[in-house]
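Number of protein chains: 2
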Amino acid sequence: MIDEDGRVAEDAPMRWNGWGDPAKEKDLPRAVRTLLPLLLGRIRRPGPAVLLPDVVVPASALTAEDLAAFGAVVGAEHVDVSLESRVRHAGGRSTPDLLRRRTAHQDAPDAIVRAGSHADVVACLTIAVERDLAVIPFGGGTSVVGALDPERGRHRGVVSLDLRRMSGLIALDEISGEATLAAGTTGPDAEALLGARGYELGHYPQSFRYATIGGFAAARSSGQNSAGYGRFETMVTGIRVATPTGELDLGRSPGSAAGPDLVRVFLGSEGIFGVITEVRVRVHPVPRERVFEAWTFRDFASGADGLRRVAQHGGGPTVIRLSDEAETAVSLAQVGKIGRLLAKGASVITVYEGDGIAERRARTAELLEQSGGTSSGQGAAEDWLEGRFDGPYLRDSLLDAGVFCETLETGTTWSNLQGLRDAVERALREGFAGEGAKSYIMCHVSHVYPTGGSLYFTVLAGLRSEPLEAWQRVKSAVNDAIIAAGGTISHHHAVGRDHAGWLEQEIGETGVRILRAIKRELDPTGILNPGAVIAEQDS
Amino acid sequence: MIDEDGRVAEDAPMRWNGWGDPAKEKDLPRAVRTLLPLLLGRIRRPGPAVLLPDVVVPASALTAEDLAAFGAVVGAEHVDVSLESRVRHAGGRSTPDLLRRRTAHQDAPDAIVRAGSHADVVACLTIAVERDLAVIPFGGGTSVVGALDPERGRHRGVVSLDLRRMSGLIALDEISGEATLAAGTTGPDAEALLGARGYELGHYPQSFRYATIGGFAAARSSGQNSAGYGRFETMVTGIRVATPTGELDLGRSPGSAAGPDLVRVFLGSEGIFGVITEVRVRVHPVPRERVFEAWTFRDFASGADGLRRVAQHGGGPTVIRLSDEAETAVSLAQVGKIGRLLAKGASVITVYEGDGIAERRARTAELLEQSGGTSSGQGAAEDWLEGRFDGPYLRDSLLDAGVFCETLETGTTWSNLQGLRDAVERALREGFAGEGAKSYIMCHVSHVYPTGGSLYFTVLAGLRSEPLEAWQRVKSAVNDAIIAAGGTISHHHAVGRDHAGWLEQEIGETGVRILRAIKRELDPTGILNPGAVIAEQDS
Numbered sequence: 001m002i003d004e005d006g007r008v009a010e011d012a013p014m015r016w017n018g019w020g021d022p023a024k025e026k027d028l029p030r031a032v033r034t035l036l037p038l039l040l041g042r043i044r045r046p047g048p049a050v051l052l053p054d055v056v057v058p059a060s061a062l063t064a065e066d067l068a069a070f071g072a073v074v075g076a077e078h079v080d081v082s083l084e085s086r087v088r089h090a091g092g093r094s095t096p097d098l099l100r101r102r103t104a105h106q107d108a109p110d111a112i113v114r115a116g117s118h119a120d121v122v123a124c125l126t127i128a129v130e131r132d133l134a135v136i137p138f139g140g141g142t143s144v145v146g147a148l149d150p151e152r153g154r155h156r157g158v159v160s161l162d163l164r165r166m167s168g169l170i171a172l173d174e175i176s177g178e179a180t181l182a183a184g185t186t187g188p189d190a191e192a193l194l195g196a197r198g199y200e201l202g203h204y205p206q207s208f209r210y211a212t213i214g215g216f217a218a219a220r221s222s223g224q225n226s227a228g229y230g231r232f233e234t235m236v237t238g239i240r241v242a243t244p245t246g247e248l249d250l251g252r253s254p255g256s257a258a259g260p261d262l263v264r265v266f267l268g269s270e271g272i273f274g275v276i277t278e279v280r281v282r283v284h285p286v287p288r289e290r291v292f293e294a295w296t297f298r299d300f301a302s303g304a305d306g307l308r309r310v311a312q313h314g315g316g317p318t319v320i321r322l323s324d325e326a327e328t329a330v331s332l333a334q335v336g337k338i339g340r341l342l343a344k345g346a347s348v349i350t351v352y353e354g355d356g357i358a359e360r361r362a363r364t365a366e367l368l369e370q371s372g373g374t375s376s377g378q379g380a381a382e383d384w385l386e387g388r389f390d391g392p393y394l395r396d397s398l399l400d401a402g403v404f405c406e407t408l409e410t411g412t413t414w415s416n417l418q419g420l421r422d423a424v425e426r427a428l429r430e431g432f433a434g435e436g437a438k439s440y441i442m443c444h445v446s447h448v449y450p451t452g453g454s455l456y457f458t459v460l461a462g463l464r465s466e467p468l469e470a471w472q473r474v475k476s477a478v479n480d481a482i483i484a485a486g487g488t489i490s491h492h493h494a495v496g497r498d499h500a501g502w503l504e505q506e507i508g509e510t511g512v513r514i515l516r517a518i519k520r521e522l523d524p525t526g527i528l529n530p531g532a533v534i535a536e537q538d539s
Numbered sequence: 001m002i003d004e005d006g007r008v009a010e011d012a013p014m015r016w017n018g019w020g021d022p023a024k025e026k027d028l029p030r031a032v033r034t035l036l037p038l039l040l041g042r043i044r045r046p047g048p049a050v051l052l053p054d055v056v057v058p059a060s061a062l063t064a065e066d067l068a069a070f071g072a073v074v075g076a077e078h079v080d081v082s083l084e085s086r087v088r089h090a091g092g093r094s095t096p097d098l099l100r101r102r103t104a105h106q107d108a109p110d111a112i113v114r115a116g117s118h119a120d121v122v123a124c125l126t127i128a129v130e131r132d133l134a135v136i137p138f139g140g141g142t143s144v145v146g147a148l149d150p151e152r153g154r155h156r157g158v159v160s161l162d163l164r165r166m167s168g169l170i171a172l173d174e175i176s177g178e179a180t181l182a183a184g185t186t187g188p189d190a191e192a193l194l195g196a197r198g199y200e201l202g203h204y205p206q207s208f209r210y211a212t213i214g215g216f217a218a219a220r221s222s223g224q225n226s227a228g229y230g231r232f233e234t235m236v237t238g239i240r241v242a243t244p245t246g247e248l249d250l251g252r253s254p255g256s257a258a259g260p261d262l263v264r265v266f267l268g269s270e271g272i273f274g275v276i277t278e279v280r281v282r283v284h285p286v287p288r289e290r291v292f293e294a295w296t297f298r299d300f301a302s303g304a305d306g307l308r309r310v311a312q313h314g315g316g317p318t319v320i321r322l323s324d325e326a327e328t329a330v331s332l333a334q335v336g337k338i339g340r341l342l343a344k345g346a347s348v349i350t351v352y353e354g355d356g357i358a359e360r361r362a363r364t365a366e367l368l369e370q371s372g373g374t375s376s377g378q379g380a381a382e383d384w385l386e387g388r389f390d391g392p393y394l395r396d397s398l399l400d401a402g403v404f405c406e407t408l409e410t411g412t413t414w415s416n417l418q419g420l421r422d423a424v425e426r427a428l429r430e431g432f433a434g435e436g437a438k439s440y441i442m443c444h445v446s447h448v449y450p451t452g453g454s455l456y457f458t459v460l461a462g463l464r465s466e467p468l469e470a471w472q473r474v475k476s477a478v479n480d481a482i483i484a485a486g487g488t489i490s491h492h493h494a495v496g497r498d499h500a501g502w503l504e505q506e507i508g509e510t511g512v513r514i515l516r517a518i519k520r521e522l523d524p525t526g527i528l529n530p531g532a533v534i535a536e537q538d539s
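The listed protein sequences derive, respectively, from chains A and B.
The opening position of the first sequence corresponds to residue 1 in my numbering, with each subsequent residue numbered one higher.
The opening position of the second sequence corresponds to residue 1 in my numbering, with each subsequent residue numbered one higher.
In isolation and in its complexed conformation, chain A is listed as follows (with noise of 0.2 Å):
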C-alpha cells in the first residue's frame, strides 16, 4: 500500500494462516451452506486451528555470525528471526500449505532477511553461498505449489529472501509506453505507482492484492485480462537478475533476433537461477471506459466453442472467461440467484476496456452467437468483477466448515481442450471416490489463445480424515491425468515443488538437462530454491 507521501508501507496484511485481510473474512453465503450438504455428504467441522504464538518450528540453524553477516548488508533491523516471521514466511497459500498451519509443528526457514536493493541481493547471496545456506525468494508469499517450502536441500540452513523492501517505480518511459519496477512492488502499489501517472500495467491474477512483480515474472504469471493485455511474460520487455556468480541486464529492444531470448530463461525460473531484482514491462494509459456483458450457453462445449472463435478472431474482449455448468451454478448460489433462468447452462463473461469498444462488442457478439450463445444482460459481469479477488477468502471459510477446497489448472490445444477436461475431472471425481469422499468438481476457461486455452479447475470435496494426504494422493493421479491428456502441468501456477516430479513428462529428459546445466552455470552450489521446478539430484 503507498501511504500519503508516496512511500510504500512494508506489510500489507495478510492473514498468517489464511488469505488476505482479516478484517475481509467472509462467512459462506447461506445458500452454499444450504448446498453443501446435499453435494458432499455430511461434514464435521474440524477442530480449532492453532494460533500463531502457539506454533512451534525448529530453532534457527543460523549462528550469530551469519545474521551478523546479513546484518551488515541489508541493517541488523532486516534480518529477522522472531516466530511470526519465520512462520508467515513458511509456505505460499496452496490448501496444503494452510492446512500445514493450523498444525501446531511446522517447518519454517532459519531467518528472514529483508534486501533493500539489487546489490543487497548481490551481497546476499555470495554470503549464502560463503555460509552454506540455501536462499529461498520471497514476494508476496502467494504461491500455491509449494515455491516457498522453507527446503534447505543439502545446505546447513534455509534464509527467506523478502524482496518487499524493493519496491516502487524506478523509471517510467511514457514515450515506449515501459516502465522499470522494482522486484518487490505488489499488484496495487505497482498500479497506484503507474496510475498516478496516467498508465495501467493491467495484470490482475487472482493473487494481485499480494503478490509482486517480480513473482509474477518469475512464476510465468497470467492474469484476468489476459484476453486484452496478455500473459505477463508478454508484457515484459526486460529484466534484471542477480545469480551467485554474476548479474544480469537484459532486454535491449523489443524484438531482437541476438541469439536466444534469455529474459524468457529466468520467467518461469522460480528463482532457481537467480533473483529477479527488477522487470522493465510495457504499460498502456488507463482505460477511460470499461463494459461487461455476460453471456449463456447450452454447456461447457458450445460456450468453449465461443471463446475460441474469438480467439481465433482477436481484437475481443479484455476478459473473457467461460464457466461450466458447476461452476455457473454455484456462482449463482453465491450471489444468490440460484434457480434463475440463468442457471442453467454455462455462463460466459466479458469486459471490455479501452478503445473500439462498441466495434469489439458487436464482433464478440456475433462470434459467441455462432456459437450458440445469448446475452444475459451486464449484471454478473459486474458481480464478477467485484468479487473477482475473493475466491481464496471463501476457500477459507469453507475449511473453517470442514470442507476441502483446492484449485489446479492446466491448458492445452483448443482441439484437446475437451478430452482435457475429461480425463481431470474423471482423476478428481475417482481420486476422491477412492479415498471415501464426494466430491464437487466446476471448471473454467479463463485464459484464451489463438490456438487453445487455460482449464481451471476448483474442487470442493468431504474429506473425513488426514486431507492432506488424500489430497497429495488425488493431486498425484490428477497430474498423472494431464500429462497422458498431453496438457501442461501448469498453464499459470507454475512448478514449485508440487509439480516437479511430473515436469520431466512435459519437457523430456533433455529439457530437464537444459534446466540443470543453467543452474550447475549460475548456481553452482545449488543454494537457490533447492528442490523446486526441478527435483534435487543426489549427486
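FYI, nobody ran anything at the bench for these hints, they're computed from the structure.
Among the hints, a few may not be true.
[Said to hold, decoys possible] If we take Cβ atoms under 8 Å as the criterion, some of the chain B residues that face chain A in the derived model are:
#1 Gly268
#2 Phe389
#3 Thr451
#4 Leu515
[Claimed, not checked] Distance ranges between label pairs, derived from CB positions:
#5 B/Glu174 x A/Ala365: 37 to 43 Å
#6 A/Gln505 x B/Glu174: 25 to 31 Å
#7 B/Asp480 x A/Gly75: 56 to 62 Å
#8 B/Gly387 x A/Asp355: 47 to 53 Å
In this text, a Cβ means the ideal position worked out from N, Cα and C, and glycines have one as well.
Keeping the supplied structure of chain A fixed, place chain B upon it in accordance with the hints.
Just chain B, lined up with the frame of chain A:
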C-alpha cells in the same frame, strides 16, 4: 516448389553467386543509374566474376568411410561432394558472401548430407560426433550474418546438413489453427500447402522465396506482415529438435508456466544447440481482402511518431513501414517517379488484410494524421508489394556495376529510436569516409511493437578497392555504435559469426555463460555450427 503431384522439388533455382532465380536478374533502373555517380562519385566496373566450374576449393577432408557412414543413413545418393554442391553450401547471401564468391579460391564444406527425416538427423549427429566432424545445419542458405560459413572449429572436417528434403505439412489442426511443418519446408512451399487447405502462415521476410521454416525458427526471423501476425517466434507453438545428446518435443500448451519456455531456448539458437526438425505454428484463414494505402510525412521523425501511435494503439494494419527521406527518394527513382510531389519527405506504406479493414484503416488514418501524415493513395503501397522480395536482385546489379551495397538492422525503444538511427548513420558515413568512399545511407522502420521498433539500413558506397576488408572495418564500427547507443546487435538477421563478437556486450558475460552451459550440455564435443552465436573458446 510443389510439383503437380504435390511433392516438393529438391532445389528451387538460386543463383550460386548472387540472389535468387537467374531468370529474374534485374538491370538497374535508368534513374538509379543516373543517380549513382551523383551520389557516389565515379565508379569503376569490377573485373568479371569467376565462373562456378573454375572455383577452386580445398580437397574434401572426408574419408570414404565417413561418406559411407552418412550414406548408410540417408542413402548414398544424398551424400554429395561435388564442386557445385560444396560451393553452393559454402555460405549465405550477405554482401561479403557474394564478394567472396567472385574470387577464384573459396572455402567450402567437405560434403553435403541431405537428411530426409528427424531420425536421419539424429543418426547423422551421432556419426558426426563419432567421426569428429562439425555440422552446419543448412535450410534455404539465405543467412546474411555468416551463420553458414563452412567453419570446422577444432574438428577434422565440416559437413553441411541440408534439410530441404524434410519438407511438407506434417499435420494441420483446423480447430486449433495450428500446423506442423517439416523444418526444411520453404516459405512458398509452406504457404502453398497451407493455402490448399484455406490457411496461411503469413510470414514474409525478404528471404521468403528460399528460406525454410526451420531457418525462420533458428534465426528468430521477422516478416513484412509482422504488424499483423507477429514475429516468427510469436507464431511458433512447438518444436521438435535433435541434439547430439538427446531429443526434444516441446510446446504442449499455447500458455504454460511449466518452468521457463524452452522453445525460446532454440528460437534464435542458429543450430548451435541442436537441429530443429519440425515446427508447430499458428495459422489463420487465408485473408479474403487486401487494402493498400501510402502516406507521406514531413520527415522520418514525424513518420516514426505516427508508427508509434499505431503500434501502441493496436489493431492497425497488417504491414506498416516507414522509409526515411533517402530511401523514399530512391524508391521513387526505381519506379521512375522521382521529382513528383511525393519525392519530398518520408513515405509510409500500409497494407490491411483480414477482417475489419474499414475500421482499422479509419483508426490508423486518424493516428497517422495526428503525427502530420497525409494519405497519398494506394499506388506506392502496391508498388512496394510487387517488388517486396526483389531488393536482393537489385543488390546483385549494383555489385555488378561496382557499387558496394549491403543492409544491416537493429531495434530499440521508441524513445531511443532517433538516437540510435543517428549513431548508426554517423558510423556508416564516417566509416566509409575513412575508406575514402562516398556513401548513400537509407533507413526504414518495418517492424513495430508497442514499446519500440526496428531500424533497417541500406547503404551504397563507392568503394574503390578491397571492398570486403573495407566493409569489415566499417561494419565493426557500426556494431560498436549500435551497442553504445543501446540497440540490439540484430533485430531479425540474427548473430551468425558476423555479430558473435558483439553479443557479449548485449547480453553480458553471464548471458554468454548461459549459452555456453546449454551448448556444453547438449553438444559437449562442439560439433554444431562452431563459432556461430558464441565465439569459439580456446579451452
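Taking the hints in turn, this is what the structure says about them:
no., hint, result
1, Gly268, "4 Å, holds"
2, Phe389, "19 Å, violated"
3, Thr451, "5 Å, holds"
4, Leu515, "6 Å, holds"
5, B/Glu174 x A/Ala365: 37 to 43 Å, "24 Å, violated"
6, A/Gln505 x B/Glu174: 25 to 31 Å, "28 Å, holds"
7, B/Asp480 x A/Gly75: 56 to 62 Å, "42 Å, violated"
8, B/Gly387 x A/Asp355: 47 to 53 Å, "34 Å, violated"
In terms of the numbered hints stated before, the structure departs from hints 2, 5, 7 and 8, listed from lowest to highest.
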